[in-house]
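Chain order of the listed sequences is A and B.
Note that our numbering has the first sequence beginning at 1, numbered continuously upward.
Note that our numbering has the second sequence beginning at 1, numbered continuously upward.
No lab work stands behind these hints, which were simulated from the structure alone.
These figures come from a predicted structure and were not determined experimentally.
Errors might be hidden in some of the hints.
[Said to hold, decoys possible] Distance condition first, Cα-Cα at most 27 Å in a straight line; then the derived DSSO-like pairs of lysine-lysine: (1) A:Lys-155 to B:Lys-155; (2) B:Lys-54 to B:Lys-96; (3) A:Lys-155 to B:Lys-96; (4) A:Lys-96 to A:Lys-155; (5) B:Lys-155 to B:Lys-96; (6) B:Lys-155 to A:Lys-54; (7) A:Lys-96 to A:Lys-54; (8) A:Lys-96 to B:Lys-155.
[What the hints assert, rightly or not] One-sided excerpt, in silico: chain A residues whose CB lies under 7 Å from chain B: (9) Phe-183; (10) Arg-189; (11) Met-190.
The beta carbon of each residue, even a glycine, is placed where N, CA and C say it ideally should be.
Number of protein chains: 2
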Amino acid sequence: MKKPGTLLKSQRERIVRTAARLFAQRGYHAVGMTELQDAVHLGRGALYHHIRSKEDLLFDIAREYISDLADDASAAQQQADARERVRLLGRHLVQKIASHQAELTVCFREVQSLTDARHAEVMALHARYEHAWREAFELGAAQGHFRPYDAIVLKGVLGMYFYSYLWMRPDRAMSPDDISLRFNDMALRMLARDPT
Amino acid sequence: MKKPGTLLKSQRERIVRTAARLFAQRGYHAVGMTELQDAVHLGRGALYHHIRSKEDLLFDIAREYISDLADDASAAQQQADARERVRLLGRHLVQKIASHQAELTVCFREVQSLTDARHAEVMALHARYEHAWREAFELGAAQGHFRPYDAIVLKGVLGMYFYSYLWMRPDRAMSPDDISLRFNDMALRMLARDPT
Numbered sequence: 001m002k003k004p005g006t007l008l009k010s011q012r013e014r015i016v017r018t019a020a021r022l023f024a025q026r027g028y029h030a031v032g033m034t035e036l037q038d039a040v041h042l043g044r045g046a047l048y049h050h051i052r053s054k055e056d057l058l059f060d061i062a063r064e065y066i067s068d069l070a071d072d073a074s075a076a077q078q079q080a081d082a083r084e085r086v087r088l089l090g091r092h093l094v095q096k097i098a099s100h101q102a103e104l105t106v107c108f109r110e111v112q113s114l115t116d117a118r119h120a121e122v123m124a125l126h127a128r129y130e131h132a133w134r135e136a137f138e139l140g141a142a143q144g145h146f147r148p149y150d151a152i153v154l155k156g157v158l159g160m161y162f163y164s165y166l167w168m169r170p171d172r173a174m175s176p177d178d179i180s181l182r183f184n185d186m187a188l189r190m191l192a193r194d195p196t
Numbered sequence: 001m002k003k004p005g006t007l008l009k010s011q012r013e014r015i016v017r018t019a020a021r022l023f024a025q026r027g028y029h030a031v032g033m034t035e036l037q038d039a040v041h042l043g044r045g046a047l048y049h050h051i052r053s054k055e056d057l058l059f060d061i062a063r064e065y066i067s068d069l070a071d072d073a074s075a076a077q078q079q080a081d082a083r084e085r086v087r088l089l090g091r092h093l094v095q096k097i098a099s100h101q102a103e104l105t106v107c108f109r110e111v112q113s114l115t116d117a118r119h120a121e122v123m124a125l126h127a128r129y130e131h132a133w134r135e136a137f138e139l140g141a142a143q144g145h146f147r148p149y150d151a152i153v154l155k156g157v158l159g160m161y162f163y164s165y166l167w168m169r170p171d172r173a174m175s176p177d178d179i180s181l182r183f184n185d186m187a188l189r190m191l192a193r194d195p196t
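Looking at chain A on its own, in the form it has when it is part of the complex (with noise of 0.2 Å):
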């Protein structure tokens, strides 16, 4: 049996993935609260027990992948080989495009609608797990196997990975696993010492 905290903690869950789908399916701007509501089949009281605005539910879209992303990230510095820890992170972030990208299209369409702090935050959980993958290349230059670290690589690589929010079709044949394969591929060939 669920416990009461558990129970609200997964109403609230099921309230954010909604919205992220809604705003992502029509636009923040075009979603009103009372749709929501009936969406989530709650009534006005119910629904703001849980959210107090529309900001904070954006907020929690936006800011809840990228901070498994970043816990992710710190587990990853758990392996020693870069190359393997490339191949990790990669995995992770194509697991995580796969089950989040409604969250994914609406954090990089309304991130700039957060007030200053909330974007801030948002900005800097980006920023720890960009640093995350940097750490990567740079372990792998030390260790002999990449080009020396160069930011243009890095952005190239995340670009790679980030815009198939766009274009990932989870009902393909094609797995995530499937498509962080080929994409890890890629970027350790992007990465490698020798150019081809």
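Given chain A, put chain B in place with the hints provided.
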């Protein structure tokens, strides 16, 4: 001396560019027509002489840069060597992102705010542009330079380039040509026949 038609065209271009900058900075929904009037120093009547609605502006912003890119890509098909064709496509793309960063920002964020027919037209231009890259990749495979065509590689390469609209800073020490040299090198690594 400019002909009146030229003057009208440049007036409209000035309005579209200013609108792109405002929409990119503050969000399409947040910017009102009165604010745009002030920014372009035109009265309501003069502004509406050039554009019919805010959505008209969004359509022009989203369509112009990708339409130019699709035209450049058709011209690049004169280039018989697939590697040179990729370098040319890459250089034009980075140059366009640098010169039209506000337009790309607005298009990536707001394309779903267009009416269905206009949305379809903008997406068809993107598909036409993507197809020119695909043809270069297929040509390179036929010429023995590239690995067999793979849609995931195409998406990865385009993601690397397009994602730069989020981080490129034209005022920094690195020029668009420097960035495209690095990106083109990475694209050719991703495409190379023999794995590294």
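**OP:** Provide an ascending list of the numbers of those earlier hints which the structure does not satisfy.
**Re:** 6
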